[in-house]
Amino acid sequence: MQRAWMARVAAAPDAPHEDPRPLAQRTAEHANEFVMRHEETLAGLLEAFAAQNAETLRLVDTTDLDAAVPVPRDAPWFPKDVEAWSVRWVILHVINELARHAGHADIVRESIDGATMYELIAGLQNWQPQPWLTPWQPK
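When the sequence shown is numbered by the UniProt record's numbering, its final residue is 139 and no position is left out of the sequence of numbers.
None of these hints come from the bench; they were simulated from the model. Please note: incorrect hints may appear among the correct ones.
[Claimed, not checked] Label-pair ranges, simulated between beta-carbon atoms:
{"hint": "1", "residue 1": "Glu110", "residue 2": "Pro72", "range": "30 to 38 Å"}
{"hint": "2", "residue 1": "Ala67", "residue 2": "Thr134", "range": "25 to 33 Å"}
{"hint": "3", "residue 1": "Asp106", "residue 2": "His30", "range": "32 to 40 Å"}
{"hint": "4", "residue 1": "His38", "residue 2": "Pro16", "range": "27 to 35 Å"}
{"hint": "5", "residue 1": "Arg37", "residue 2": "Trp127", "range": "35 to 43 Å"}
{"hint": "6", "residue 1": "Leu42", "residue 2": "Trp127", "range": "22 to 30 Å"}
Since we're looking at a predicted model, the values are computed, not measured. Using N, Cα and C, we set each Cβ at its ideal position, and we do this for glycine too.
Generate the whole structure from the sequences, applying the supplied hints.
See the structure below:
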């Protein structure tokens, strides 16, 4: 998601409204972005994420935040009555999406053993147990 939006920012204002590739190809590529392939490692994925974050920050520093980014027309959830968003809007949208997805991951993580952010931080930082808080420890 972040990579696709930042590619649109980098191409603005000339980003195309529609991806010219066949829908089947785009759908397959999109689905493959949500699975960890056998040849991939967590370290490699985290490195790629860090590199994308660095590229996003570079674009934030070097791009006119008021530049127009054409609204994609090849997905039904994009508005048809808006021609373009500003780079500023796109960056805030990416922040919102990253936070939302991180929240989803946090819910999944908490459902595994019930530990919340507080127990995890307490465990990581070796806090002393309190009547109201037990630092998380692996079982």
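Taking the beta carbons of Leu42 and Trp127, is their distance inside 22 to 30 Å? holds, 27 Å
His38 versus Pro16 beta-carbon gap, inside 27 to 35 Å or not: Given range 27 to 35 Å: holds, Cβ gap about 33 Å.
Evaluate the given range 25 to 33 Å for the C-beta pair formed by Ala67 and Thr134. violated, 50 Å
Given the range 30 to 38 Å, decide if the beta-carbon distance of Glu110 to Pro72 lies inside it. Because 34 Å falls inside the window, the suggested range holds.
Does the Cβ distance between Asp106 and His30 fall inside 32 to 40 Å? Given a distance of about 24 Å, which is not inside 32 to 40 Å, the answer is violated.
Determine whether the Cβ-Cβ distance between Arg37 and Trp127 falls within the hinted range of 35 to 43 Å. Between Arg37 and Trp127, where Cβ atoms are some 38 Å apart, the hint holds.
Hints 2 and 3, counting from the list given before, are not met by this structure.
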